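Each chain, letter by letter, is given below.
There are 2 protein chains.
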Amino acid sequence: MRLSRFHLRTTKETPADAEIVSHQLMLRAGMVRKLASGLYTWSPLGLRVLRKVEAVVREEMNRAGAIELLMPTIQPRELWEETGRWQKFGPQLLKIRDRKEAEFCYSPTAEEAITDFARQELASYKQLPVNFYQIQTKFRDEIRPRFGVMRAREFLMKDAYSFHLGDEGLVAEYNNMHAAYTRIFTRLGLDFRAVLADSGAIGGDASQEFHVLADSGEDAIAFSTGSDYAANLETAQAALPAARIAASEAMRKVDTPTQKTCEEVAALLGIELARTAKSIAVMTGAGFVLALVRGDHTVNEIKLGKVEGLADYRMATEAEILEHLGSEPGFLGPINAKKTIRVVADREVAALADFVVGANEAGFHIAGVNWGRDLPEPETVADLRNVVAGDRAQDGGELRIVRGIEVGHVFQLGRKYAEAMGATVLDENGKATVLSMGCYGIGVSRIVAAAIEQNHDAAGIIWPEPMAPWTVAICTINPKGDAAVNEAAQQLFDTLQAAGIDAVLDDRGLRPGQMFADIELIGIPHRVVISERGLAAGTFEYRARRASEAENLGREELLAKLIR
Amino acid sequence: MRLSRFHLRTTKETPADAEIVSHQLMLRAGMVRKLASGLYTWSPLGLRVLRKVEAVVREEMNRAGAIELLMPTIQPRELWEETGRWQKFGPQLLKIRDRKEAEFCYSPTAEEAITDFARQELASYKQLPVNFYQIQTKFRDEIRPRFGVMRAREFLMKDAYSFHLGDEGLVAEYNNMHAAYTRIFTRLGLDFRAVLADSGAIGGDASQEFHVLADSGEDAIAFSTGSDYAANLETAQAALPAARIAASEAMRKVDTPTQKTCEEVAALLGIELARTAKSIAVMTGAGFVLALVRGDHTVNEIKLGKVEGLADYRMATEAEILEHLGSEPGFLGPINAKKTIRVVADREVAALADFVVGANEAGFHIAGVNWGRDLPEPETVADLRNVVAGDRAQDGGELRIVRGIEVGHVFQLGRKYAEAMGATVLDENGKATVLSMGCYGIGVSRIVAAAIEQNHDAAGIIWPEPMAPWTVAICTINPKGDAAVNEAAQQLFDTLQAAGIDAVLDDRGLRPGQMFADIELIGIPHRVVISERGLAAGTFEYRARRASEAENLGREELLAKLIR
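If you read the protein sequences in the order shown, they are chains A and B. According to the working numbering, the first sequence is numbered sequentially starting from 1. According to the working numbering, the second sequence is numbered sequentially starting from 1.
Same shape as in the complex, but just chain A (with noise of 0.2 Å):
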């Protein structure tokens, strides 16, 4: 490709209303041009990244088996009425009218649309398992569009669905489609880990994300340093405590007149703040509940609701707190409650002895206390509290917490799509049997914008080779319009096109320097500069785009560098 001949406009001002780097970058590189709040043209510079992405999305799903197919992006409401998905999918789902009235949504996903087509064309377990994907367009309306690709509205997404006649198929077909993603983000050239998420109702290792790390990612995720476990922040466990120290101290009330927090208690008693513990009020159907956190901790509000009878817990009220401990917040604790109460205990508070808590009267809070001796063992002990970067991983590791962009999400759904819209097999004995079900999704658009979030620099993109627009810039300076110069250029264009190397010849006659800030802006991973007096030398200046110096290579040497 000649530069001459293909649309390129990057600009130098960061546009005002970008927020974030890639927003940035991917405005000022000219990649995508907004068409309305969240709907973006990818324009040629975009659009080649986005296809580079998609193919090797598209390989790797070939190669794990997945079959390739379409659907429309226009979905009719009675599918969706056949899950209940038309109403439960909230304000995102865009809904539709046509010409006659009758109701339609631009498909954000595409579950009942394949459920649909499954139950069409499968007939008997002898064409399971399969894996129907495809890689389409997708409409999210996003209350806040923002960021660019990131969360736009319109995007590009790869989402696969396998069908099962039983669990064992899924898990495997669930297992296939782990590692291919972890081929397509590997071969990306991204740094990206697998995190456990959070699976709702289904449980166990049923859901994990892909996430690309990034220190602007909207997510926190725990890895441990003893082995490639990663979950986000919401699932995250640390190993368990150790076990209980004996008492040593007395229980005793201390004065605490104006010291509400554990942070201004533990400064007050010069006590450490692993030593205080934290009680959070909250009501459930069958009661007033306290939990008990460590004053260094943080309570984590999913796993709080997967304690048993607090699945539909909320905060409690100063009025529901004062019935049942009979103080203001502030010195609550579990001892001296003004009713009976439910205390439950994250094992970390279990395991402390001689400990701070509030002595429900304002102004007071009693430390040295130990359980068992002055208050009943906690009736429940169990994981309430989100971990922290240093705790002791359950392989014996440490967990470090870094950000991530969710690029992608491969999810074991069971029977319950299959189920709602009645697509069945008949199995080995000729017995209908409900399909069971996997879903695993990528952001093809979302994937560009995560790449340039994790490699950018103050000049620009950093792209991974497998997703540049063009592996090489080669850039002529020629102000005295030398035919050598261009023939030399011309050369090791086609040089490199023999050898399958995506280059770029840059002969739009810029000045050097703005040249070279459009092909560093564009983040083109190597660029070679080829001039009249390089030419006299026998050399080519080379510069990788994360070098911070250009070096003068011989042909042989260029060419070593750029073809691999």
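By construction, these hints were calculated from the structure, which means they are not laboratory data. Keep in mind that this is a model prediction, so the values were computed, not measured. For every residue, glycine included, the Cβ atom is placed at its ideal position computed from N, Cα and C. Be aware that one or more of the hints could be misleading.
Just the calculated beta-carbon pair ranges, DEER-fashion [claimed, not checked]:
| # | chain 1 | residue 1 | chain 2 | residue 2 | range |
| --- | --- | --- | --- | --- | --- |
| 1 | A | P15 | B | E428 | 28 to 34 Å |
| 2 | A | E428 | B | A458 | 33 to 39 Å |
| 3 | B | P512 | A | A172 | 30 to 36 Å |
| 4 | A | E218 | B | S4 | 39 to 45 Å |
| 5 | B | P91 | A | E218 | 37 to 43 Å |
| 6 | A | E81 | B | S4 | 33 to 39 Å |
Let chain A serve as the given structure and place chain B on it in line with the hints.
Quick look at chain B alone, frame taken from chain A:
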């Protein structure tokens, strides 16, 4: 590809609701499945064909220098208001409200979106000419979706838009696209014609349609045996008629008591139908007009509307006819009108001598009529008629009429959209100049159906090779599970793959009859059968899809047929 790992589901029954053969065969081959009215899922088999068409279109567009980008399917009302098309497009435009009640449409075409892109991206004449294209899903809310993907609501279209400083560049790019389209349809192996289309206000050759020829086509196309002239029936012109011969008969009133049509009058008088003239009475803003075409011809309403002063014409009512001609319909003519009327004659009528017209008196016609002698020469002589098969063409050849399916359209739009949307660039003198624009569409999904309409037989589809889901099917007959048969099949598959031939190995273990019926139905161009008996004889059974018989070939002969 091994067919056992693919998803193929064929049926023998012709679906009751499929009216045309391509729809029937696509359903029977399992290429598409209906999701809702005018909405189809492309199965894995169907998608293979669609992608092959798409790839040829993309390659030739790139070769022609067009640059691919991707616009959103959902587009804001504001843009469509700028050109007035929010209203003018009519009910085919699928209108949508998002969660904030903002209005959008699903793009049926993208002149507005690309012109918006162009006005942001193009600033200088130095960036011109440029041709942007996309291959993107479109939606048109057809009132009666039918014929499967031939007239679906959601479909895949390649749409290209070129921008120029002046008309010269536009014409050059129009010709470039015309050549690219010719290459595309030639490469796809289709019998097609580029035909002149009515281009409305722009005139000239500013619009051509590309039609795949098929007896079931919706459009009639006239072409000449003397050159590559071809045109829609709307615009096709025959050669000028021969000069008028001298009068030889006297004018006379003839009794035609019940003969109201030219056919009846000619039969009664025993003359050729071509010697009668049919009178068509129309009203315009400027008054009553009588248009004349020969009795054996039909009037072309589009041509009639292009006659000066007739742009606004409508058929005259019986009262208006009585008022101006003094007669009831069936006996109308240009002689003895009650009022002064304007006569507009088709060129063929103007060339007549001794012809017959109505007498403007119930029950009578006038024979032996001659221009200049019995009535004044016609005020206007123009081409008013539809051509018929056998007409002399302007190039001296003969006109023939065939039927076609429109699959492409090239159009010189001029400044219409750019003017409305204020898309300008600075010209050589630094003056803001409105862009000139062309647009070029190809119905990618429709090509698939059109190819089947043109290429099928009683057994099923006959794909042109470049569109076939696979070029070669290798069928194994191996009831005893002989390893040598499987090995020979795999070896042939590997040989073909190494030669870049897209082969499929039918290892499903079906009975031969069932297997061959599938392979014929889905239209694979070349079939090779490998059996124990064949291997023993050292031969492969080969059959081309269009051949009536199979032949036994040695390995070298076989490869010579398959690898070219």
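Hints, verified against the model:
1. Between P15 of chain A and E428 of chain B the Cβ separation comes to about 31 Å, which falls inside the hinted range of 28 to 34 Å.
2. The supplied range of 33 to 39 Å is met by E428 of chain A and A458 of chain B, whose beta-carbon atoms lie about 37 Å from each other.
3. Checking the proposed 30 to 36 Å range against P512 of chain B and A172 of chain A shows it holds: the Cβ atoms sit about 33 Å from each other.
4. Range check, E218 of chain A to S4 of chain B: Cβ separation about 43 Å, and the 39 to 45 Å hint holds.
5. Checked against the given bound of 37 to 43 Å, the beta carbons of P91 of chain B and E218 of chain A, roughly 42 Å apart, stay inside it.
6. Remark: the range hint 33 to 39 Å for E81 of chain A to S4 of chain B is upheld by a beta-carbon distance near 36 Å.
Taken one by one, the earlier hints all hold for this structure without exception.
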